[in-house]
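Engineer: All chains, full assembly: derive it from the sequences and hints.
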Amino acid sequence: MTAPAPPTTPADTSTPANTSTAPTDASTASPAATPTRRPLPVPDEQSAPFWAAVARHELMIARCARCGAFTHPPDIICPHCGSTDPGFTFQPVGGRGTVRSWTVVRQSFLPGFDVPFVLVDVELAEQSELRLIGRLLDGPDAPLRVGTPVTVAFEDVAPEVAIPAFELAGEA
Amino acid sequence: MSENDAARDDQARGDRARGDRARGDRARGDRARGDRARGDRARGDRARGDRARGDQQHSGGSASGATSDRQRRSWARSGQQRRGRPSNEVAVVGYAHSLVRRHAPEPLGVLAVDTARRAIADAGLEVADVDGFVSASMFPTAGAHAVEDGTSIVSSQWMAAHLGADARYTAGFDGVGALTGSLALGVNAVASGTADYVLLHRALHNPVGSYHANPMKAAVGWQQWTVPQGFFGPLQMIALPYNEYLARYGASREAMAAVLVEARKNGARIPWSYWHGKPLTAEEYLAAQTLVDPICRYDCDIPVDGVATFVLTSAERAADLPNKPVYIAGYASGLPPRRRLAQHWPLDDIMDAGFGLASRLWERSGVGPAEIDLPQVYDGFSPFVYFWLEVLGLCPVGEAHRFVQAGGIDADRPDGLPALSGGGALGNGRMHGVPQMLECYLQLSGRAGERQRDKATIGVACHSSPHYGGAVVYSAVPF
Ligand SMILES: [Zn+2]
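From first to last, the protein sequence lines stand for chains A and B.
At position 63 of the first sequence (counting the first as 1) the number is 315 in my numbering, and the numbers step up by one without a gap.
At position 390 of the second sequence (counting the first as 1) the number is 762 in my numbering, and the numbers step up by one without a gap.
What the hints contain is simulated information worked out from the structure, not anything from laboratory work.
No incorrect hints appear here.
Residues from chain A that keep clear of chain B, each with C-beta distances beyond 12 Å, as calculated:
hint, residue
1, 335
2, 341
3, 343
4, 344
5, 411
6, 420
Here's a subset of chain B near chain A, in silico, CB distances under 7 Å, partners left out:
hint, residue
7, 584
8, 585
9, 586
10, 591
11, 597
12, 600
13, 602
14, 603
15, 612
16, 615
17, 616
18, 711
From the derived model, a few chain B residues whose C-beta atoms are all more than 10 Å from chain A:
hint, residue
19, 456
20, 519
21, 568
22, 693
23, 694
24, 788
Yeah, the Cβ is synthetic: ideal placement off N, Cα and C, and Gly gets one too.
Structural biologist: Here's what the structure looks like:
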């Protein structure tokens, strides 16, 4: 089969990113990260606030200043209202969502991932079809079905670098 | 989209369809053809009724009931008297296919030029006759492999130059439904008079080393949203919607064994196939470890070196050539689906966009699912077989797993739907839609040899996923 062309667009450096959040500094960065061979994100002008927030263990999602809809990942044009000047700013979200699908990865084509691990396709509570994919940290035997509630978690993978993931939220 | 939006959308499409139909009728002024098509459709309606009754025996569940409304809308549109130009104006008149091997001893470009020369001779032509070149040259690996024209890909320009042809037109299709998309370029080039004889080729390369493994250390740009999270590569891409299907419809890996057994059974009969003489048993399939649940290695077509070439020309010119022409009745390509993370293909995205593709396919080709006696579904990953069977209306939504498990696609059964009779990608190797197109050509032109089927009049060849891919309707006779 195919490795399709990426449907997402690399960040456009001309798009203003939200810089209102405090920059990460050593005192707020994730503690005691262990060295990893996992590929690390390279923040760019648009995504920098996202990764800075994740490093503080906060999930923020880009929101269009014109129509208010969340978009992940941000684009250069709002996919909801079509604005070519969406003025995306990253806004905090609750991090709760439900599992739409999942898979247990037993062979990884990337370096640094111990197998098996679970990936979950999660719809966030804030908006219909606002979906993120991440690791489920409860292990490969976690009971999963469509609709299982999960909440965001964070993996500290390097000094001042964290990656958003998920864990079971229980039925509450 | 809400139901109201969907209804408005349908209305808009209907209005457009009526407008186009009126224009088309005036342009063609061919009442006889319309009558014949109506007659065919009446027969098709009867057949469709028979199939629907058969399906009721093993259908059930509210989910399939809900989506069958969508199917009915699709069929209702297909029943309209509308065909797009150029329908049946262009034909496939010759072909050649290289051996499919894990690693060919000769460079890909050499294999491509040799195969092109054979196809041109097969069509009763000389290189000097061929003035159009179309192809797609996507190199479908997620690994860190160089892309070099003539070695890992072969573009139309490269082909034309190295054949020594006097080209008037070269073009490459850059979408995901590569073979169907490039065929459409060729059809339109011939129909518009841009080129008289078009060579369509697809050259696939299997690089040395791991196909998809990628040693990347930094995730830049679009990859930053998925790669650091461990979501990467086509197996994970297809595992998520496949698992969604299993969960939603209660399907099992046991059902998918029937798909693999059928593809490999038919591929084993094809002399150039990588899997020639090597069928697969259900036990072997089920014994394989999953790599990315529920996908095991047999669910993925195997990467290969191989080239296929076809020659297209007008129906008028085809009449003077040695082989029985096979006409292109219509085609449809995927439109941009909902924007997602890279390689995130939720099941509903695939199916919703697939229903749209199917309805455009039936509109443009003037036939519906019941008229198709050779539906060659795409199977580069095995779950695509389910998705295509369902979006094309060949079985109810959510029922494909039961349909295949009950022998519904067994091409050796008189009542079986020969959906993988050409072996598909799972039974030939990663030839990206070529096995589907080639089976339509061979069967409809009567050139399938020992594999020739008694009844093969209208085929459909699919490529890639129903939402990013494409499909083409072929006919043994112009209508
Ligand atoms: Zn917007």
